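Undergrad: Same order as they appear, the protein sequences are chains A and B.
Each residue of the first sequence is one higher than the last, beginning at 0 in this note's numbering.
Each residue of the second sequence is one higher than the last, beginning at 508 in this note's numbering.
Think of the hints as simulated: they come from the structure by calculation, not from any bench.
A quick note: this is a predicted structure, and the numbers were derived from the prediction, not measured.
The C-beta atom is built at its ideal place from N, Cα and C for all residues, glycine as well.
Possibly wrong hints are sitting among the right ones.
As the list claims (entries may be wrong) - Pair by pair, the computed Cβ-Cβ distance ranges are: (1) B/Thr861 x A/Arg3: 53 to 63 Å; (2) B/Glu791 x A/Gln191: 26 to 36 Å; (3) B/Pro642 x A/Glu80: 46 to 56 Å; (4) B/Thr818 x A/Pro147: 38 to 48 Å; (5) A/Ala186 x B/Ala780: 46 to 56 Å; (6) A/Ala86 x B/Arg654: 32 to 42 Å; (7) A/Gln191 x B/Lys870: 52 to 62 Å; (8) B/Thr647 x A/Arg3: 35 to 45 Å; (9) B/Pro642 x A/Gln191: 19 to 29 Å; (10) B/Arg654 x A/Leu194: 20 to 30 Å; (11) B/Thr647 x A/Ala114: 38 to 48 Å; (12) B/Pro710 x A/Gln191: 28 to 38 Å.
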Amino acid sequence: MTLRRIVVGLDAGPRGRATLQAAAQLAARMQAELVGLFVEDIDLLHLAGLPFAREVGYPSATLRPLDVAAMERALRAAADEVQRMLATIAGRGPLSWSFRIARGAVLSELRAAAADGDIVVTCAWHVALRAPLAVLCSTATPPEQVVPVAAALGRSLGGAVEVVLLDGEREAAEAWRRRARELLAQAQGPAQVLLA
Amino acid sequence: MDKPNSAPARALAAAELRRSCDPAQLAFATSDELADFSEALGQVRAVEAIRFGIGMPRDGYNLFAMGPEGLGRRTIVRGFLEQAAPAREVPPDWCYVFNFDTPHKPRALQLPAGRALQFKQSMERLVQDLRAGIPAAFETDEYRRRRQEIEAAFSEHQEKAFGEIGERAKEQGIALLRTPSGFGFAPMRKDEVMSPQEFHKLPADEQKRLEDAIAVLQADLERVIQEVPKWRREAQHKLRELNREVTRNAAHSLIEELKAEYEALPDVREYLAALEQDVLDHAEVFQQPKDGEQPTLFGVSLAHGDESDVTFRRYRVNVLIEHADAKGAPIVYEDNPTHDNLVGRIEHIAQMGTLVTDFTLIKAGAFHRASGGYLVLDALKVLTQPFAWEALKRALRAREIRTESVGQMLSLISTVSLEPEPIPLDVKVVLVGQRMIYYLLHDLDPEFGELFKVAVDFDEDMPREPGSDLLYARAVATVARSMKLRPLERDAVARVIEHGARAAGDADRVSVRMRGLADLLRESDYWAQAGERKLISAADVQRAIDAKERRSDRIRQRLQEETLRGRLLIDTSGERSGQVNGLAVVQLGGFSFGSPHRITARVRLGGGKVIDIEREAELGGPIHSKGVLILSGFLAGRYAASKPLAVSASLVFEQSYGGVEGDSASSAELYALLSALAEVPIRQSLAVTGSVNQHGDVQAIGSVNEKIEGFFDLCAARGLNGGQGVLIPAANVNNLMLRHEVVEAVAAGKFAIYPVENVDQGIEILTGMPAGARGADGRFATGSLNLRVEQRLLEYAERVRSFGAGAPARGGRRGGLQR
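In isolation and in its complexed conformation, chain A is listed as follows (with noise of 0.2 Å):
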C-alpha cells in the first residue's frame, strides 16, 4: 500500500517554503510524486473588486487601497515565486514533481485536491486551525499512510500537525479515526498530531 502522491499547498513565506522542503523529503524517501499546488485565492479577488477594498499592510500597519488589476498582479507574481521554489528544492533530489495552479476557495481547492485520494499538506491559516501545519486527506486514504507522513513532518519541522479529515460517512470517519490513533499509539518519536 504505497502512497501515490503529496499534494502540498504552496505558500512564499518561510514556513510555506519549510513545509515544502520536509515533503519534498518525505516524497523523494516515500517515493511518490510531489505535487505544488498553488492556490489564487477567490476570495482576494472578490475583496479587490469592492469599491472601498482596502488593505492593511503587515506589520507596516498602513491602509492601501486594493483594485483587480493590483491583485492579479500579485497572485501571478506569487504563483511565479512558488514555482520557482519549488523547482530549486524538488530539483535537489531524485523526485517526479509537478506544479499546478487553481482558482477558487482555498479550502475547497484543497478539499477537492485531497478528495482525489491523495495526501495535501498545507499550512494555510484557512486550514491549519489549531497547528502550524495541516495534513488533509479523505477517508479513501488509510490511516496507514497518512499516519506516518503526519508524524515524520512533525518531527522534521518540530512542531504539531494536525490531520483533517475531510466529511464522509460518519461511520467510516469513525473507524478512520479510531485506527489513526491506535497508530498514533504506537508510533514512536517526539511528533506531536492532532486527530480533528
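Fit chain B to the supplied structure of chain A, relying on the hints for placement.
TA: Chain B only, in chain A's frame:
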C-alpha cells in the same frame, strides 16, 4: 726674552731608547701559571663610575661609557652588569589583553614573574570550556521549553488580538482576509466572500453599513498591528534575558574558578569580571555551529589564515614579556636600536587588501625586555636610527613604554590603529660611544645631561709601575685562556708588554686597548700553530707584529723605494743651507709610519713676513700655519726687537702633494730659515722633529717613535754611516719605545738620537757651529750663528732704510718694502 744658550745636547744612550720588559721580573714560566684577572685593566676611573652608576637607584643616573673603539668597553660594562643583575629581583611579566570598554586601547596586565604563560594557558582553557559549556546549556530541554514558552506567548498574544477582530467582523457579516502583503476585510454571504456583483446588488443602506463597519474594523486592525512590534520586542527582551541567564549559569562558575586562582591580582580579577560581562553580551557567538560555513565576501574567506575562529581572538592573552626561567634582572644588548626595536611595534595582517591589527599583534621591544634591568646600546647606532634617540629620551623621561609607530607618533597616519596602554619602565641604560659623541650631546642636547649623569671615561693606557707588568701579564693570560689560545712563554709575555707600551706611544705607559691585545695574541697563536709549538714564544709574538706591519706597509715601502730611486729627494748625507729633513707621520687604515720630508727655506729682502707655501696653496692646515706664524714672532723677538724685520721668507714641504697639518715640523722649518739667513749649511744626515714656541723652546710632539724609525729605515736602506740621527724634543724622551734595530744601531754608534730643549741646541747639532749667546753688551758672540743671522737681518733693514731715503717723494712709507 728668549732663554740664554744652554749646554749642548748629548745623544741618548741605547738604554734610553726603549724601556724593555725584563722577563726575569716575571715570576712564571708560562702564562698558564697565572691566575685570571677579572677586573678591568687600567680602568680605575671607569670602574668607579660603573660601580656608582649601577648602584645609584635614582632617575637620570644612566651611564655613558666613552672612549675609543677597541678598549673593551662593552665587555667591561657587561661584566659589571652580570655581577649586579643576579642580586636584583626578577621583573614582572606583562601581557596585553583586550579592552572590552575601548577596544582600540588594549590593556596591559602585570603578572608576577613567570606567571604570564600560565595565565595565557588558563585563558585558552577557559575559552575552550566556554565553547563547550555554553552550547551545551542551550541544548537542554529546560532551555528549549522556556524558549518555546516565550515564543508561544508572543504568537498567542498576536493571534488572540487578530482573532478578536476576526470575531467582531464575523458578527457583522464581514470576513478578515489575508492578502499577499497584509489583511483586508470583505463582506460575506453565507460562508463565502461576497463578489463585487453581489455587493452592488445590495441596497444602498446595506452597502453603506458594511463600508462603515469595515472602516472601523480597519482602524482597529491598524492599532493591533501597530502593537505587534512592541510585543515582539518584549518577547525578544525576554529571550535575551533567558540567553544571558543560561550563559551566566554556564560561564560563571568557570570564570569564578579562574578568579580564585588569581585572587591576589586585582587587575586580573577586574579583567575577568569584564570578560564575563562580554561573554554574556555575546552568548550567540558561542552557539554558532563549529563546522558551519566560513564567513565569505565575494567568495573569499574572511577567516584569519590558520585561525578558524576570529571571534575568540578577543579572549586571547598576548604575552609581551615573560621571565619564566629568568634569574635576576635582565641585561639586554640591542644591536639594532631602531625606533620599533626599542619601543616595540604593532604588526598588521593583510585582510581583503587592507591592513588590520589587534592587541595580539603588539610585539615587545628592547625596553620591554630590559625593564627591571639593564639595556646596553651603541650611542652612534641610536643616534643614526631615525627617531630612536627621541624615543629613548621620551621613555626614560616618562618612565613608561608607549608602543606606537613612527607614523602615529608624527600624526602622519590617521587610520585607526591601536593605542596600547603604556607599560611602566624601570631601566638602567648604558650607552657606549666615542668621547666626541658624549661631548657633542652634552653641548647640543639639553636633556642629555639630565638623563645620562654618569660619564664612564675609559683610558687608552695605564702607567707602567712596579707590579703593573705582572698585572698586565695576568690580563694577557686571561685573554689567551678565554680565547682558548696556547699559553705564552715568559719571554713572549714580556714582548707583548713591550708592544703594549709601544702602542701607547710611551715608555712609561702601556696600552689597555683590549682588541689590539686580543688580535696580537690570536695572531701570535697562529704563528705558534704554524711552527707546531705548544707555547707561544717571543719569536711568534714578534712575527705577528712584523706580519701585521708587513700586511699594511705597501705605501711606506713604495715611498722608501721612490726615495731610494731618487725620485723623492731626501738627502741622508752632505750639507746644504736652507734645507732640512723634517719628519711627518702618515696614518692609513690603523697603521701609522714616519716619513722624512725635505723642508726648504728661501730668504730675501722683504716686509717681515714668512710665507707658508703650503698655506698659500691651501695644502696646509691651520695648526701648521700657526707654527709658521710663530717663527716670525721668534725671528722678530730675538733678532729684530728694535729694528724692522725686513726679511721675506718662504717655507715649503718639498714634494708634498697631499696636505700638511700639525706643528711638529715648526722647529725644522725654523732651522731651515736660520740656515738660510746665516747662509750656514745644515747636515743632511740628520732629521728633525719638534714644535717651537716664540721663545725658541722646542716642544713635545706625537708619534716620536714612528718618526725616528721612518728616518732610520731610509738611512739603513742607504747604509748607516755613523753620522746619521734624529733631533727630537727633550720632552719626548719618555715616549721612546723604539724598535730593536734602532736601539742596536745606536748601541753600535751607527745612529744617534738627540734630545733638544731649544733651538740653539738644535742648530748647533745641525750646523756644527756654535749658536752663540748675547754677551753683556747685548751682542751675540763673534763667530756664532746667531750673530750671522742678526747681521743679515740688520743688513736687510739698512737696505730698506736706504731704499726709503732714496725715494722720499713717494711719501711716508716706512719699515718695509712695498710690493
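Undergrad: If you test the structure against every hint from before, which numbers come out violated?
TA: Of the numbered hints given earlier, those the structure breaks are 3, 12, listed in rising order.
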